[in-house]
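**Q** The primary structure of each chain is shown beneath.
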Amino acid sequence: MVPGAGLSLAAALDFGTLPSQIVNGVLNGAIYALIALGYTMVYGVLRLINFAHGEVYMLGAYTALFVSWAYGFRPDVPPDQLPESSLATLLVMMLASMAVCATVGVLIERFAYRPMRNQARISSLITAIGVSLLLQYGGGLFLPQNPPPTMNERVNPYRQTLELTLVGAPQQLSEVVEAARREFQAAERTFEERLKSEKDQFNLSPEGQRLRDAKFEAERRLRDAESKLNSAQVTVRVGAGRLAILVASLLLMFLLRQLVLFTPTGRAMRAVSQDFDSAALMGVNVDRIVTITFVIGSALAGAGAMMTATFLGTSITPYYGVLPGVKAFVAAVLGGIGNIPGAVLGGLLMGVAETLVIWAGYSQFADAVAFVVLIVVLLFRPGGLLGSSAVEKV
Amino acid sequence: MALRVRIASILAGLAGCWLLDVLCRGMLRESEQRLVVLAGLYVTLAVSLNLINGIAGQFSIGHAAFYQIGAYTAGYLAFFYYGRLPLQGVPWLIAMLFLGMGTAALAGLVVGLPSLRLRGDYLAIVTLGFGEIIRIVVQAIDLTAPTGEQVGGALGMNVEPRIRIVGLVWLFALTCIAVTRNLCKSSHGLALLSIREDEIASAAMGVQVPKMKVAAFMIGSAFAGGAGVLLAHSESFISPSMFPMDLSFIVLTMVVLGGSGSITGAVIAALTLFYVPEYLRGLKAPDGTALTATGASLVGWIVAVVAAVVVVRWLAFRFRGTARQRAMGYLATAVGLLVVGRALGWILSSVPALQQAEYEVQKLRMVIFAGSLIVIMLVRPEGVLGRHEFSWDWLARVLRRQRAREAAG
Chain A
1 MVPGAGLSLA AALDFGTLPS QIVNGVLNGA IYALIALGYT MVYGVLRLIN FAHGEVYMLG
61 AYTALFVSWA YGFRPDVPPD QLPESSLATL LVMMLASMAV CATVGVLIER FAYRPMRNQA
121 RISSLITAIG VSLLLQYGGG LFLPQNPPPT MNERVNPYRQ TLELTLVGAP QQLSEVVEAA
181 RREFQAAERT FEERLKSEKD QFNLSPEGQR LRDAKFEAER RLRDAESKLN SAQVTVRVGA
241 GRLAILVASL LLMFLLRQLV LFTPTGRAMR AVSQDFDSAA LMGVNVDRIV TITFVIGSAL
301 AGAGAMMTAT FLGTSITPYY GVLPGVKAFV AAVLGGIGNI PGAVLGGLLM GVAETLVIWA
361 GYSQFADAVA FVVLIVVLLF RPGGLLGSSA VEKV
Chain B
1001 MALRVRIASI LAGLAGCWLL DVLCRGMLRE SEQRLVVLAG LYVTLAVSLN LINGIAGQFS
1061 IGHAAFYQIG AYTAGYLAFF YYGRLPLQGV PWLIAMLFLG MGTAALAGLV VGLPSLRLRG
1121 DYLAIVTLGF GEIIRIVVQA IDLTAPTGEQ VGGALGMNVE PRIRIVGLVW LFALTCIAVT
1181 RNLCKSSHGL ALLSIREDEI ASAAMGVQVP KMKVAAFMIG SAFAGGAGVL LAHSESFISP
1241 SMFPMDLSFI VLTMVVLGGS GSITGAVIAA LTLFYVPEYL RGLKAPDGTA LTATGASLVG
1301 WIVAVVAAVV VVRWLAFRFR GTARQRAMGY LATAVGLLVV GRALGWILSS VPALQQAEYE
1361 VQKLRMVIFA GSLIVIMLVR PEGVLGRHEF SWDWLARVLR RQRAREAAG
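Chains A and B, in that order, are what the protein sequence lines are.
Okay, so the first sequence: first residue is 1 according to our numbering, each after it adds one.
Okay, so the second sequence: first residue is 1001 according to our numbering, each after it adds one.
Rather than coming from a laboratory, the hints here were simulated on the basis of the structure.
Model, not experiment: these values are computed from the prediction.
Some hints could be false.
Which bits of chain A does chain B cover? Going by a derived footprint, with three or more residues having C-beta under 8 angstroms, they are [said to hold, decoys possible]:
1. 106 to 117
2. 218 to 231
Where chain A lies over chain B, by a calculated footprint (3+ residues, C-beta under 8 angstroms) [claimed, not checked]:
3. 1063 to 1071
4. 1362 to 1368
In silico SDA-like pairs for lysine to any residue, Cα to Cα no more than 20 angstroms straight-line [to be verified]:
5. B:Lys1363 <-> A:Tyr137
6. B:Lys1363 <-> A:Pro148
7. B:Lys1363 <-> A:Asn146
8. B:Lys1363 <-> A:Arg194
9. B:Lys1363 <-> A:Pro147
10. A:Lys215 <-> A:Arg194
11. B:Lys1363 <-> A:Gln145
12. A:Lys228 <-> A:Thr17
Heads up, the beta-carbon is just placed ideally off N, CA and C, and yes, glycines get one too.
Here chain A stands alone, though its shape is the one from the complex:
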């Protein structure tokens, strides 16, 4: 690390890339939002911080990896023999991840949390920590981790980068760039033709050297013009895969909203989260609702894990879920824990804040910014952004 780098102001902020960064932040935030939904739903019905949620996410990433291996994207297959990937492959991977995560979530609830339901809340919290450690270290025993596997990038059929120009550059500038490009291409062509007639390619004749210098000069002019154009116009560059994440996340969140607001199950869920005991008295099958909550929350985490593993290409370890889990939990608290739109808002905010800190040059503090934002927000709104800080009744 450069001495004092942590404290010096970043040299220059490139405001031309700011819109790109914000869009990327929103896309990162979509994943946090997906995980945060699981935290917030479980907290809503059980008043329990499900510390094992991050580990469910980790298992989802491994499931997606194993499914991709089953499709033939194994690391030992040479690149030219890899099969073609398609939307169907991705869909199968996602469904498998969601199914495995949902199963794991339900098992955890049934065997670790349900027996603790009538006990002090701190005891169930310790159980949750225990489950989380068990899955981490147990995963370390049985899952492949050395070297940490990564999803083959060919699994992702959307590898291209999308570009969107928000504010166009002045006409003159683009004409200058076009002219410079034509000049450069002409110079390059002449130089290459000359090169064919040269005897020794590494020891050019004076005429060849002149042409080569001319080519370099033209190239430099082109780069100059291009950078001028880039700073004059505002474009957003986004990986298509990230956009797919956003679309899929929004779709899942929309489905969840419809389920919670417009189905009998959703109504029962809201009732349980308002008052556990009264809901039971009114004939709601509370155990069933809790199970469904775990199914949905864990499945969303599974979908998020599959998408990050596939589109962002980070390597997968048994500790894959720790940091995203903590950050997503912070996002849930930020939005007001127990509040579903709050979790989405908190996740998106968290993603943007983090990306902006990296953009400003303080990447070593990126993991801390989540907590700083949280503490500042909680000092002013103790119930989170959208949560109501209920007055305690005596």
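Place chain B on chain A using the hints.
**A** Below, chain B without anything else, positioned relative to chain A:
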């Protein structure tokens, strides 16, 4: 009477620490002495967190932060000032101890203030966040010494000189226990307990809730900071990775497992949870190689433990019978666990796939740790000791009852 008991306790504590120091120096290797020191530090951490968490009822899960603040206070000061001040050796360590406690208490004030506005889980996440912020900031900051050397940062730093005094560490732990215990017995302690039970009611009774909460935070974090100073000088090396979130969780686990609010419980749980993984780490097969367990015996034990948990839970929560019958039930379950575990392992060893899979016990130790955490919480949710405390009165009562029984029988 009371004064005499108190003086006797203080003398016994001092003598005990001195004896421990002499024994450790005489009988243990360097590496074993280090374990005794670490055990003392864990006891301090658990008891001080118990003050915040168990006694005052403020849900804090960022205790590692105060530990780290103490350690880095000592580290930086030793780097820049050791040798330039007339303080050397043990006096230096003691001065550092007080300074570390001071800085950590200041940090405790900073964290304690939000606790005035936040409750329960919100407070928990703020303390967790504070811990992470401290760790990340320490990781990101490099100071440059006048000599041009880099200090701190992600790679850690050396703390010169190394001062490892087992007796002093345990004296500090005992001080922490004594302060917490005396606080509990005083009117301030009662105020803290009343805040834990019902904040609004205790405010109505005239308890100064904000002041007491912040005081609990400051005292608890001061002791954690002191432990950090002792760690830095005893290990002679500190790095941010020594203070992860998991450390906070493990200390919290010690508090809850021992029985939230019970000092005795915190001490016992801290010692057990510290030594069990260390014991498993040191396990060797008779021929000196690393001890391994086959998949068959693992599966057998897991099934047996799960079954035992079910039976014990039934005995503890559903069983309608005399206490004697229940105790017999526990005994039978323990015997059954051993028999069934062995038998299942033997039966399953006929499955070749399970028999061939081998796992080193060393790698299993954290899995065993996490598993036993869940099991203990399932069979005894209020912690091993509940809210009971060890006291001389209690011991005297037990002995008297024993003697009475012998006289009668």
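**Q** Taking the hints in turn, state whether each one holds.
**A** Hints versus structure:
Counting residues of the region 106 to 117 of chain A whose beta-carbon sits less than 8 angstroms from any beta-carbon of chain B gives 3, enough to reach three: the coverage restraint holds. Check result for the region 218 to 231 of chain A against chain B: violated, 0 residues qualifying (beta carbon to beta carbon below 8 angstroms, three or more required). Proximity of the region 1063 to 1071 of chain B to chain A, defined as three or more residues with a beta carbon under 8 angstroms from a beta carbon of that chain, is not established by the 0 residues found. Counting residues of the region 1362 to 1368 of chain B whose beta-carbon sits less than 8 angstroms from any beta-carbon of chain A gives 4, enough to reach three: the coverage restraint holds.
Taken as a hint, the Lys1363 (chain B) and Tyr137 (chain A) pair is honoured in the structure, with Cα atoms around 9 angstroms apart against an allowance of 20 angstroms. With a C-alpha separation of about 18 angstroms, the suggested pair Lys1363 (chain B) and Pro148 (chain A) falls inside the 20 angstroms cut-off, and the hint holds. Taken as a hint, the Lys1363 (chain B) and Asn146 (chain A) pair is honoured in the structure, with Cα atoms around 14 angstroms apart against an allowance of 20 angstroms. With a CA separation close to 66 angstroms, the supplied pair Lys1363 (chain B) and Arg194 (chain A) exceeds the 20 angstroms bound.
For the hint linking Lys1363 (chain B) to Pro147 (chain A), the alpha-carbon distance of about 17 angstroms falls within 20 angstroms, and the restraint holds. For the proposed pair Lys215 (chain A) and Arg194 (chain A), the alpha carbon gap of about 12 angstroms is at most 20 angstroms, so the pair holds. Taken as a hint, the Lys1363 (chain B) and Gln145 (chain A) pair is honoured in the structure, with Cα atoms around 14 angstroms apart against an allowance of 20 angstroms. For the suggested pair Lys228 (chain A) and Thr17 (chain A), the alpha carbons sit about 14 angstroms apart, so the restraint of at most 20 angstroms is met.
Of the hints listed earlier, those the structure fails to meet are numbers 2, 3, 8, in rising order.
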